[in-house]
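> Just need the whole structure built from these sequences, with the hints factored in.
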Amino acid sequence: MVHMAQGLPQVAAEQAKVDPMHQFAIEPLFGSAHWEIAGYNIAFTNSALWMAIAAVALWIFVAGGMKRELVPGRWQMAVESFTGFVDDLLEANVGKEGKKYVPYIFSLFMFILFANVLGLIPLPLAMVGVHPFTSTSHFTVTGVLAILSFAIVLIVGFWKHKLNFFSLFVPHGTPLPMIPLIFCIELVSFLVRPFSLGLRLFVAMMAGHVLLEVLSSFVIDGINAGLGIGPVVSVLSFVLMLAICALEILVAGIQAYVFALLSSLYINDAEHLH
Amino acid sequence: MPQIAQLAETYSSQIFWLLVIFGFVFFVIGKGMVPKVMGTVDLRDKQIGADLAAAEAARDQANAEEEAWRKRENENRTQAQALVAQAKADAAAASEKKLSAAQNRIDKKLADAEAKIAEARTSALAELEGVASEAAQTIVEKLAGVKVPAASADSAVKKVLSNG
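Each protein sequence line maps, in turn, to chains H and F.
Here my numbering is used: position 147 in the first sequence is 147, and no number is missing along the way.
Here my numbering is used: position 158 in the second sequence is 158, and no number is missing along the way.
Below, simulated BS3-like cross-link-like pairs (lysine-lysine); rule was C-alpha separation at most 30 Å, straight line: (1) F:K109 <-> F:K97; (2) F:K71 <-> F:K88; (3) F:K31 <-> H:K67; (4) H:K67 <-> F:K46; (5) H:K99 <-> F:K46; (6) H:K67 <-> H:K96; (7) F:K31 <-> H:K160; (8) F:K159 <-> F:K142; (9) F:K36 <-> H:K99; (10) H:K162 <-> F:K31; (11) F:K158 <-> F:K142; (12) H:K67 <-> F:K36; (13) H:K160 <-> F:K36; (14) F:K36 <-> H:K100; (15) F:K46 <-> H:K96; (16) H:K67 <-> H:K100; (17) H:K96 <-> F:K31; (18) F:K36 <-> F:K46; (19) F:K31 <-> H:K99; (20) H:K67 <-> H:K99; (21) F:K98 <-> F:K88; (22) H:K100 <-> F:K46; (23) F:K36 <-> H:K96; (24) F:K31 <-> H:K100.
Just so you know, the hints here were simulated from the structure itself, not pulled from any lab data.
So this is what it looks like as structure tokens:
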């Protein structure tokens, strides 16, 4: 949060320091703090709101490409290139069995992409205290998505190959005495997958946002430091911030792609056992 | 770090809303809309493929028809040339026949004429001999008063004529 609070006398003392982690704080909205189901809190938070915004934006985007014209317009072309991209990704990594995972991988990729990019939007509303929230910077969100992918891998794997699925942990040509050891190592690396999948996205998104926040605090502190080295720091930080913003847009796309790519690679393991 | 600090109080709402919203994304967008979009793409690809195949087939057919036409054309030309040659040969033969017939006729007429002329000449010559010998007899009789027998007059005339 780029706090504009420095100008307000009564809070200046406490808020002079920018807290780069405050942007990740979850707050219940619309007085829903005490909504519960079976004793579990289900407050509609800013995180849920931005997930919903991402979903609605995605719905509008895809709905705009549903004209089903023989000669597509720009919007339809854009939507078709995304579905084609996911289709090609699955075709390349899973083969023709990959076709049936297109809806899941498409939803995953586009939802993460939209959530990532929407979290970067510097809304003018920030001036009045409304901030975009990056729901993918929470491991409670990325973790659930990772577990979903992992669950699909497990279900498909055991459904298709029954107990044969365990042969996934013994690569071809392993010498007999090595099998128990290799099995354990492969099992651990397999079980680590959902964690690495979820944490990668969460860490990448959080790191970028923290970096932007810290740089913006340098800009403000530099200005507040008065004449001298302060404005130089501000200008340099601001230029760096612009560059990092561009990088973050790239990261938003890449992380969504990596999540979808790894999910499809894991699904390939479940479909084909290497 | 709010992700950890707020974990206990927010995990249930985070998971709940993610499942609700991602469920909406998956079932409505992923399952409902994406297959239609991809169906459109497939349909277009199929149509383009079919159109290309049809164009290819049409081109092949045009080529085959052209080939057939050329073959037919060549055949027709050879046939026509053969006909022309035949007609020429026929005409040449017919005219030659006519010419030779005419020649024959002319030759025959000529020969007839020549024979007639020769005959006329012989008869004329014979008559001339007769007349000459008679004339000679008369001349001799008148001049010399000698009666010359016809035979000797004849031989004399013959002698003179053959000399002359």
